[in-house]
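> For reference, the chains in residue letters:
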Amino acid sequence: MPLPKVNYLFMGPELVLTAAALLLILIDLYFWRGRNRRLAVVGVMALLAAAAMTIPLFGVRGTTLGKTLVVDPFAIFFKLVVLAAAAMVIVLSADYIAKHKLASVGEYYAMLLFATIGMMFMSATTDLIMIYIGLELTSISCYILAGYHKTDPKSNEAVMKYFLLGLIASALMLYGFSFIYGFTGQTELSRIANALAGQKDQLAVAAGVLFALAGFAFKVASVPFHQWVPDVYEGAPTPVTAFLSVGPKAAAFAALARILFIGFPTFAGTWKILFIFMAIASMFIGNLLAIPQTNIKRMLAYSSIAHAGYILVGFAVASEAAMAGVLLYIAIYVLINIGAFAVVLAVAHEPGVGNEIADFNGLSKRAPFLAITMTVFMVALAGMPPTAGLWGKVYIFKAAVEKGLWWLALLGLLNSVISLYYYANVTRHMYFLEPSSDQPLVTPAAFKGVVWVTVLAVLIIGAIPQPLVWLSAISAKGFG
Amino acid sequence: MIKWLPTALTFIPLLFMFGVIFIPNDKQLAIKITTLVGTGLVLLGAIYMVAAYDFARGGFQMAVKLPWISAIGANYNMAVDGISVPVIFLAALLTFICVIASWKIDYRIKEYMGFMLFLEVGSIGVFMALDFILFYVFWEIVLIPMYFLIGIWGGPRKEYAAIKFFLYTFVGSVFMLLGILALYFYSGMHTFDMMALAKAHIPTLVMKLAFLGMFLGFAVKVPIVPFHTWLPDAHVEAPTAVSVLLAGVLLKMGSYAFIRIGLGVVPIGMKAFVWLIALLGVISIIYGALCAMVQKDLKKLVAYSSVSHMGYIMLGIASMTAIGVSGAVLQMFSHGVITGMLFLTVGVIYERSHTREIEKLGGILVSMSLIGGIWVYISLASFGLPSLAGFVGEFLIIIGAFKFSHILAGVAALGIILTAGYLLWTIQRICLGEPKTAEPWADASPRELAYMMPLLVLIVVIGFFPGVVLRVIEPTTGALMATVAKIGGL
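These protein sequence lines map, in sequence, to chains A and B. Offset between the first sequence (1-based) and the numbering used here: plus 27. Offset between the second sequence (1-based) and the numbering used here: plus 842.
Excised from the complex, chain B in its bound form:
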């Protein structure tokens, strides 16, 4: 029965979405509780999945394969491995936390919760789909709720941000679809099964072109500079919880796809562009950090820091070494937790101060000592202070990158200094000094502390015991990179 767990996790939110639709508009509490129960069930399921996944054995587990559209060879093919399990857990956890963090929303609550649940369908399913068509469906499903979540509950320029996000990602996925079709046809196997296509004999040129198409789709999602311009807009306009999910889960879809499809299915095609990816990754690190440094808006700063951190993940993947990829997966997890926390804290600060302008903030440690303390703590985690979550992933990535290119690894390591620079400077500007407003700000409420606590604990647990997560990741990445090496990708 355990093999149905991925299916259950994907479609439980859909069931609860229909539940929410049929609750009358004015029963706000019922709507919120239904959503909370739905996402809570998914989280429990995800925890059970982590426990049930036999990481010593590694590889794909809980696999289900049913014929879906036999005329074109698409199957309902779901399974999880050491790369997807951590990300699924992250997605389930962040969605659950975001529902609690959205508790105070009272504007069109039914639609909001409905879209949150719909978003979870796509963002969980995409990490389990092992069939290209199924993957594409989940990949695209995510766009629709996200478009509405930004467009209805966003800030002043929400419509612009929503449609920009929608169009950018849709353009990317169109190229991805074309790449998928090219693989499908030139394999001559009449199947969309990723693992079957990974073994297919496809002309090298086709693999390269197919990867290039898919690269555009993934790169917009990650996003890698220069495909990143939608991200700051979307983040600044999106409401807090949506920003958390965008940074914590949606961006991971891009980097996950690079590993699952780039390394897993078309390593030969990816090999041809690996320099480009690594270079763009390093450019993202430096450019994102420099942009973050000059931002006046606290949320935009976090958004650019996200671009910078995703650059490390891309560098780790592009290194095409087991250690680099393991570091990338770990970093995906840590980045989701840390950046999620950063956005949550920005949201709390904004709720009190009604501004995100760094200049107008100050002395948070004095006015809200708990929130200020939390901000300092996660900033330290974000720039990779040893013993906190951000460190291990980046360290592994840079080791992996060092094997690939000394120069790029060196530049990436220098990026950490920039990161520390802008984050410490931000701490100085917003946390230290005297408060700039006379009115007192309420410190973190029990509800806020409650939903932040799991993430805060995770940050230190991963920092001290990265082995907990790496034990899940490493057998899979090791086997994956061994296969890649055998195919001749290296």
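Chain A with its partners taken away, still in its complex shape:
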């Protein structure tokens, strides 16, 4: 069998990142032992280079690697989102690593790059095997990253939970894929759809789809596979938490969209019911359980479950407009969440300060810039103007009303109200309560930089959403 022809242009970004990841491990071993900041710069440069190679591919449609790797606007959109997320997370990591004196720095950045590669593959393939490989590459890298506080029992517990539950989820998914393959004899999604067309008895495939969905529900942190989220988010190093809350989630949603719309359009009715259930449960459980949290990372963990619920509303609607809304929502959510975690990092950067919400007390006096930007992020997460957070919600709920799911939109909107309570609580701590010390908070420039970038993006997209709306509409073409 001849090897398939490879279009190196199409997989250039992934190749660059792979090379950079290997290079990072090597130079950490032999040249720049533990030179944290230099290694971080290499990582960011690699991500920027990959992004620079990805952007020109926007608008191109094609496949390579024997049709297992797809280039289309949908893939490029997600690739750019995860690349941006990874770059910002690396910028945030350097000071965190320095403060906590984490060991094996080279591997840390390499793992972040490997996870990014995995996510890029997940969003750019229509082949079940490739999806699985991308997913595992992401997951295994994330397991390692989540346990980087090697001596901290909380981190160890988190990573054990994450690892074991993640393995079960992956196994379930693979088991589901085996059903699908066994029934259709195909791993490529469009061929699966062809094989299924006209078949009457599809019970086995339905079971396979259900198993696969369970696996994805785990990865996107949707109810009822959400129990790992708060513990892992709390135990993992904060930059990794920021990464987990956006990257793997975005990629899993991308892969899920491909499977749903390309592989199993005939199952739309079944999917719909499941997604409606998952969306409602995730929104309510995420938001209601976020209210009593006293740890900001746990609160943001439950909030991320709720946001998975809002995104799943888009999947339940399953129109092209809804998918455009999903893309818009994910891109905006990435910006907001990374910004919020950057503030969390900045507040916890002081020696002896943890991640309790009470640590934010009186932040407006000690660090007015962080307080006002955190307010912007909280307002944005609640989906209020004048921030970008409004548009993701408006777009998804508009699509829901269009498809007659106005009651689902109503439930989603009511959930924004519930969420406002705990988001406003953070601002209450920052503005209404007195600080424990009067010392101004010293914030590393890197944290400030990420906060500036994200807050400006959130506000500018809030005022002028048209370009991003346009991009997500183009990228979602053909889905739905």
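Hints were generated in silico from the structure; no laboratory data involved. Predicted, not measured: the structure shown is a model, and the values here were computed from it. A portion of the hints provided could be inaccurate.
To be verified - Example chain B residues on the side facing chain A (calculated, C-beta under 10 Å, incomplete): (1) ASN867; (2) GLU953; (3) VAL979; (4) LEU1009; (5) LEU1019; (6) TYR1026; (7) MET1031; (8) PHE1115; (9) ALA1324.
Glycine included, every Cβ here is placed at the ideal spot set by N, Cα and C.
Starting from the known structure of chain A, arrange chain B on it as the hints suggest.
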């Protein structure tokens, strides 16, 4: 160029807000002056707008329409008409006055002034937006500064009051958004333009449901009983200037939305609920007045009187007659001026006496004769003494309501007696008699008189020459109600 005036008025405060942010914390005077200049510019602009608005022609003027989010059909669509011009002027005037009234605040002054300016962005913009999405954005923007203004500078239970205000209004606006989306989709026109949607062919049932959703949003804001419970809390805890803006400007957003959207866009939907609105309006009048009567806290009394007065405005709108709606708009203006004055005076009294308990006050006419005199004057205006501002609006409203329902108009007229009752009784308790404390209270300072004077003058000007304002309002309301009648809303 005049068409950019609405845009300028909306975003001047935003520019000055950024200015304030970049002034160092300890330069308090610079911060205050920057804010004063910003709000002053807006006020001058608003005065110019009143002068430039061609009221003989009526209708929308100074319109700007630019594509904003073309993917969903949202436009940057700003214009003013005879309904919004008076309210915009009111908002600009009250904000300017509130900045002067807040001159003595020294706690976290930079944030305070920043939030005041941010509040003005929303509270001016909302009266100009003719696109539903733009309207929604301004509508929501107002919540954020208000939440902080109550929560940081408020009284003992400020946090509770702030979050209650925030959640109540947010719940309301969520239903409003759903109503907007329903109109958007069922019109099939792919636009959020209010005036285009007003002409769209939308199934009657959808119009009714959409209006019901929006009704909840507006009703919380007005507030109509039984959606009013956030208001007394917010008013009691809020600092003086914030109470003025809350009563004077924010509540007007609700009644304005009933006219602009209820009558202007979905009259058929509104028609189905007009009885409910009128009935709740009358209940608000009576219930608000009765509650005001039993209050021990002077500020809470004014807050409930506000609920009662907003009931008249709702009744006027629900009458769906040109005269009733004109009266409602006029009353919106007068209520903003009068209640603003009431809150300002309560603030001055509190500053001297450190109490708002009616029982502990007394003999203000003796101890502070100017303030006492002012209180009597605005109380008279508030219960609608002819020749003062409160009278004309209520009179027109009751005429309009009479055409709608004799019984409701009758009950509303009886409400005026209750209003006079509690206000006169309050005058008796706090102004007459002997002062209850030995220490002398300083009378109104020149600064206080200066910022009260424009409102005091307006009260008597509107009372004697209501035509000045009605000339602006009536062509627009007349045309609006003619359109409503043509559509078949009546």
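> Would you mind marking each hint as holding or not holding in the structure?
Structure-based check of all given hints:
no., hint, in the structure
1, ASN867, "8 Å, holds"
2, GLU953, "7 Å, holds"
3, VAL979, "4 Å, holds"
4, LEU1009, "6 Å, holds"
5, LEU1019, "6 Å, holds"
6, TYR1026, "7 Å, holds"
7, MET1031, "13 Å, violated"
8, PHE1115, "19 Å, violated"
9, ALA1324, "32 Å, violated"
Hint compliance for this structure: hints 7, 8 and 9 are not met, and every other hint is.
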